[in-house]
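Visitor: So the chains spell out like this:
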Amino acid sequence: MDRKRVPGPELSVAPLVEYPADFKRWTPQDECRHDSKRQPEDMRPIYLKTGLITQANGSAYIELEKTKLACGVYGPRPIKRVGQIFSGRGILNCEIKFASFSCAKRRSNIRDPQERELSQILSQALAPAVRLEKIPKSAIDVYITVLESDGWGSCVAAAVTAASVALAHAGIEMLDLVAGCSASYIQTAPLSISSLSISEGDTGSISTSTTNTNKTITATATATQPPQIFMDADFEEEKYQQGAIVLAYMPSLHEITHVLQSGKAESSTISQSVEHCMEACNKIYAVMHHALLESIGENKEAL
Amino acid sequence: MASTTDSLAASPAFTFSASTFQKLHPTEYFRKFISQGVRPDGRLLDSFRPTTVHYGVITTANGSAMVRIGGTTVVCGIKAEVAEPKLDSPDQGYLVPNVDLSPICSSAFRPGSPSEQAQVVSEAIHRVLKESKVLDLKDLCIEEAKAVWALWIDVVCVSYDGNIYDAALISVMAALLNVRIRKPTYDEGIVKVPGGEAINDENSFKLNLTRIPLSTSFVLFDTDLTLLADPNFAEESITQGQISVTIDEHGRLCRISKVGAASTSQSLLKQCIERAKIRSHELRSIMNQQ
Amino acid sequence: MSRLDRTRTSAHQLRPFFSSQNLLNRSDGSAQFDFGGSSVLCSVVGPAEVKLRDEKLDKATIEVVARPLVGLPGVKDKALEQNIRESLEPLILSGLHPRTMLQIVIQTMKDDGCILSTAFNAVILALLDAGIPLKSILGSVTCMIDAQSSEILLDPTTEELSRARSTHVFVFDNKSSVQSEQGKMNVDTDDQEAGTSSLAAVLFSDSTGMFTEQEYFECAHFCFKASQAVHGFIRTAVQKKLEKEYQQTQA
Chain A
1 MDRKRVPGPE LSVAPLVEYP ADFKRWTPQD ECRHDSKRQP EDMRPIYLKT
51 GLITQANGSA YIELEKTKLA CGVYGPRPIK RVGQIFSGRG ILNCEIKFAS
101 FSCAKRRSNI RDPQERELSQ ILSQALAPAV RLEKIPKSAI DVYITVLESD
151 GWGSCVAAAV TAASVALAHA GIEMLDLVAG CSASYIQTAP LSISSLSISE
201 GDTGSISTST TNTNKTITAT ATATQPPQIF MDADFEEEKY QQGAIVLAYM
251 PSLHEITHVL QSGKAESSTI SQSVEHCMEA CNKIYAVMHH ALLESIGENK
301 EAL
Chain B
1 MASTTDSLAA SPAFTFSAST FQKLHPTEYF RKFISQGVRP DGRLLDSFRP
51 TTVHYGVITT ANGSAMVRIG GTTVVCGIKA EVAEPKLDSP DQGYLVPNVD
101 LSPICSSAFR PGSPSEQAQV VSEAIHRVLK ESKVLDLKDL CIEEAKAVWA
151 LWIDVVCVSY DGNIYDAALI SVMAALLNVR IRKPTYDEGI VKVPGGEAIN
201 DENSFKLNLT RIPLSTSFVL FDTDLTLLAD PNFAEESITQ GQISVTIDEH
251 GRLCRISKVG AASTSQSLLK QCIERAKIRS HELRSIMNQQ
Chain C
1 MSRLDRTRTS AHQLRPFFSS QNLLNRSDGS AQFDFGGSSV LCSVVGPAEV
51 KLRDEKLDKA TIEVVARPLV GLPGVKDKAL EQNIRESLEP LILSGLHPRT
101 MLQIVIQTMK DDGCILSTAF NAVILALLDA GIPLKSILGS VTCMIDAQSS
151 EILLDPTTEE LSRARSTHVF VFDNKSSVQS EQGKMNVDTD DQEAGTSSLA
201 AVLFSDSTGM FTEQEYFECA HFCFKASQAV HGFIRTAVQK KLEKEYQQTQ
251 A
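Protein chains in written order, with the UniProt record's numbering: chain A, 1 to 303; chain B, 1 to 290; chain C, 1 to 251.
Some clues are possibly wrong.
Claimed, not checked - Below are the PhoX-like pairs computed for lysine-lysine, each with C-alpha atoms no more than 25 angstroms apart in a straight line:
| id | chain 1 | residue 1 | chain 2 | residue 2 |
| --- | --- | --- | --- | --- |
| 1 | A | K137 | B | K23 |
| 2 | B | K32 | A | K4 |
| 3 | A | K4 | C | K110 |
| 4 | C | K225 | B | K270 |
| 5 | C | K110 | B | K130 |
| 6 | B | K183 | A | K105 |
| 7 | A | K4 | C | K59 |
| 8 | A | K4 | C | K51 |
| 9 | B | K133 | B | K146 |
| 10 | B | K277 | B | K130 |
| 11 | A | K105 | B | K133 |
| 12 | A | K24 | B | K192 |
| 13 | B | K23 | C | K135 |
| 14 | B | K23 | A | K4 |
| 15 | B | K130 | C | K240 |
| 16 | B | K133 | C | K76 |
| 17 | C | K76 | B | K23 |
| 18 | B | K23 | A | K105 |
| 19 | C | K76 | C | K175 |
| 20 | B | K192 | A | K105 |
| 21 | A | K24 | B | K183 |
| 22 | B | K270 | C | K175 |
| 23 | C | K110 | A | K80 |
| 24 | B | K270 | A | K105 |
| 25 | C | K76 | B | K86 |
Hints were generated in silico from the structure; no laboratory data involved.
Small disclaimer: the values here were computed from a predicted structure and weren't measured.
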């Protein structure tokens with residue numbers, strides 16, 4: 001029980017959603033993608049804006065349709081902790097937090113392991129770009145609040161993009177901006193009827209059982225068919241993914257700062273998706289550029 | 001040697017830029033403005049910052065709203081979940097408001113468990129919702145003594161620039177107005193809601209709010225207790241006392257709170273109530289625009 | 001005009017007060033204050049050493065800790081702490097003890113409504129007992145408006161509060177009472193109508209529920225009148241205590 005919050009019922013659960021029998025769920029075998037607008041290589045349109053958080057040194061807000069997150073950068077500020085060993089390099093501190101209403105299922109307010117993991121990934125992806133050697137004995141704090149999330153990979157990618165724009169907005173020296181991009185490997189080849197029979201029941205079991213059936217099928221019938229690469233997949237698409245990749249990339253230096261690959265995929269698929277992601281990152285880079293130039297323009301107007 | 005001392009004597013003893021003055025003597029700096037009847041951000045003493053309300057910004061929530069008052073931005077999301085009712089109120093649901101002031105919104109907040117300010121604001125909103133009976137909790141009953149709705153009302157402050165109580169309360173009320181819950185069916189301990197088709201009047205219900213309280217806050221500056229409406233962060237940090245007046249759409253009072261600073265005359269409180277009436281009217285028209 | 005609380009006959013009657021000072025021998029000052037069935041014990045330690053983080057260069061840091069009757073402190077207690085701390089800050093001459101801490105601990109002993117008012121009165125008695133320099137003393141009274149009869153009931157019990165449409169807590173300091181008496185004297189001669197509404201300045205006010213502006217100021221008026229009794233009581237309590245101490249030193 002959390003004593004520092006207004007107490008609610010000790011146990012509460014989301015109601016069971018009952019779908020009508022004739023309800024048709026999206027499957028990868030459908031002709032189109034889940035939002036029925038995009039091609040597999042298309043990303044969702046990005047809205048990126050700086051300077052929303054007035055008290056922060058730098059800030060950015062990013063929106064990829066339903067994925068919405070805000071990032072605030074504080075620092076460089078002196079490390080306050082007494083007894084900390086002297087460090088010639090600055091520290092980049094990243095903290096990502098999901099709002100309790102950000103996902104389909106309500107999240108608890110207590111920091112969970114997933115948030116810790118994502119924070120770690122984020123600081124690994126950003127640190128190579130930031131000139132930490134320039135700010136000894138100091139720390140930069142990057143805080144991210146996810147207001148709404150639609151796709152785990154896209155959320156991580158958006159966090160990287162927003163954080164690096166916020167760092168630039170705070171005037172912190174960097175080698176390059178870091179753009180983040182995600183992709184999912186999804187088998188779109190028609191499956192045998194048996195594998196489709198599990199579409200009823202709770203959503204949690206779908207992804208696991210589909211991938212299991214996929215395994216057997218790819219081994220026998222459709223072994224030649226490589227999975228399709230879906231850029232910037234949303235939650236519904238991620239349920240069918242065999243694997244996914246999140247890439248953090250510095251577009252003008254042509255350097256990758258972080259690759260997060262999960263699931264099973266042929267090495268050719270992976271290298272192909274890395275290529276795809278790098279291409280997409282170049283497009284994101286243009287958006288980031290635009291947002292930063294816009295913020296400078298606003299400052300000029302203010303002066 | 002002589003020439004250097006001359007030049008030193010010629011230049012005035014202490015001159016520094018306005019921003020240095022502000023950093024060294026924030027209160028004195030502020031006093032200079034107030035004596036002229038304006039505030040450093042260009043507002044008059046009783047004027048409010050531009051306020052906007054957006055409904056339904058979060059699709060994963062049953063109801064949501066984003067409110068901006070000047071540099072303060074808050075997002076409120078409401079999630080409806082099923083819980084067992086309390087034994088002494090078997091037909092009443094739960095309203096659980098919580099305000100989160102995380103370190104993202106200002107360097108004044110540390111990471112970790114909620115700060116005192118966050119707790120005090122949460123409790124104030126909780127009391128307004130509960131004691132001024134904004135919603136009949138019986139409306140949240142699914143099956144008596146078995147299942148009720150618990151509305152988790154979470155306010156996330158994205159950017160903090162003062163006056164969090166007003167912003168949070170507006171966002172909570174706007175999000176409550178925005179709530180849509182699919183009509184549930186109760187069957188042997190399991191609550192089911194229909195899925196599939198888009199949410200509409202047929203398959204969902206709205207909340208029936210009995211009143212919509214909105215608040216107007218002021219701070220009291222200096223020993224002569226100058227009243228400043230809608231304080232920003234800098235103003236909050238150099239003043240001690242604050243007055244909040246919460247009023248519903250019929251002009252009935254829901255909450256008056258005066259904390260800190262020296263004793264204030266009742267005519268000052270009257271003045272606050274009058275000003276709050278006008279402001280709450282303005283806020284209501286902003287909320288209805290959307 | 002009957003009250004749920006059978007011991008009282010009038011709506012404007014307070015429950016019997018009780019107080020005792022210097023109960024705890026390990027603290028610098030302590031006091032207990034009772035409003036009938038509600039009782040709060042308060043201890044004051046200070047001026048004492050302050051944590052470096054909380055240190056203020058020009059005045060004492062005031063810390064208020066509230067402990068509930070049962071269980072661990074929650075959000076409600078935090079709100080109570082903040083209310084009391086921020087109301088005391090302008091009252092205590094904290095500039096006399098810079099870079100020190102004044103710790104006030106409030107423990108609810110019995111709860112039968114009006115805990116905030118009881119706590120305020122207990123705190124001021126404890127501060128007086130500890131000999132902390134103050135600008136003025138305060139007195140607090142709670143009232144409620146009955147949901148059915150719309151009658152203003154002073155110092156309600158828990159049972160009565162369950163029927164409340166709104167509750168109002170007021171704190172008045174003794175400076176404001178002097179002002180208002182002077183004001184009244186002037187008003188009485190000039191204007192009878194204005195004289196009926198007390199012009200006492202409000203140190204702290206916390207009202208929640210559903211009420212009108214007129215009702216609010218009526219509540220303020222009744223609470224102010226009642227707070228005069230509390231002020232008088234605090235004065236007598238301190239006087240008696242000092243007399244006793246004086247006798248002890250003589251003997």
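Visitor: Given the hinted pair K24 of chain A and K183 of chain B, is their alpha-carbon gap at most 25 angstroms?
Guide: Between K24 of chain A and K183 of chain B the Cα gap is close to 21 angstroms, so the pair holds against 25 angstroms.
Visitor: For the pair supplied as a hint, K23 of chain B and K135 of chain C, is the alpha-carbon distance within the 25 angstroms limit?
Guide: Roughly 30 angstroms separates the two Cα atoms, so the pair is violated.
Visitor: Could you grab the alpha-carbon distance between K23 of chain B and K4 of chain A and see if it respects the 25 angstroms cut-off?
Guide: Not satisfied, since the Cα-Cα distance of roughly 34 angstroms exceeds 25 angstroms.
Visitor: Between K105 of chain A and K133 of chain B, does the CA-CA distance stay at or below 25 angstroms?
Guide: It is violated: about 28 angstroms lies between the C-alpha atoms, which goes past 25 angstroms.
Visitor: For a C-alpha distance cap of 25 angstroms, please report whether K76 of chain C and K86 of chain B respect it.
Guide: holds (20 angstroms)
Visitor: Below or equal to 25 angstroms on CA atoms is what counts here, so check K4 of chain A against K51 of chain C.
Guide: Measuring from Cα to Cα gives roughly 23 angstroms; hence the hint holds.
Visitor: Run the distance test for K32 of chain B versus K4 of chain A: straight-line Cα separation, threshold 25 angstroms.
Guide: With a Cα-Cα distance of about 40 angstroms, the restraint between K32 of chain B and K4 of chain A is violated, given a limit of 25 angstroms.
Visitor: Given the hint that K133 of chain B pairs with K146 of chain B, does the C-alpha gap stay at or below 25 angstroms?
Guide: holds (23 angstroms)
Visitor: Given the hint that K130 of chain B pairs with K240 of chain C, test it: the Cα-Cα distance must not exceed 25 angstroms.
Guide: Judged against 25 angstroms, a Cα distance of about 43 angstroms means the pair is violated.
Visitor: Given the hinted pair K270 of chain B and K175 of chain C, is their alpha-carbon gap at most 25 angstroms?
Guide: holds (21 angstroms)
Visitor: Is K24 of chain A close enough to K192 of chain B, meaning Cα to Cα at most 25 angstroms?
Guide: Holds - the C-alpha atoms of K192 of chain B and K24 of chain A are around 19 angstroms apart, at most 25 angstroms.
Visitor: Is K76 of chain C within 25 angstroms of K23 of chain B, Cα to Cα?
Guide: violated (36 angstroms)
In terms of the numbered hints stated before, the structure departs from hints 2, 7, 11, 13, 14, 15, 17, 18, 19, 23, 24, listed from lowest to highest.
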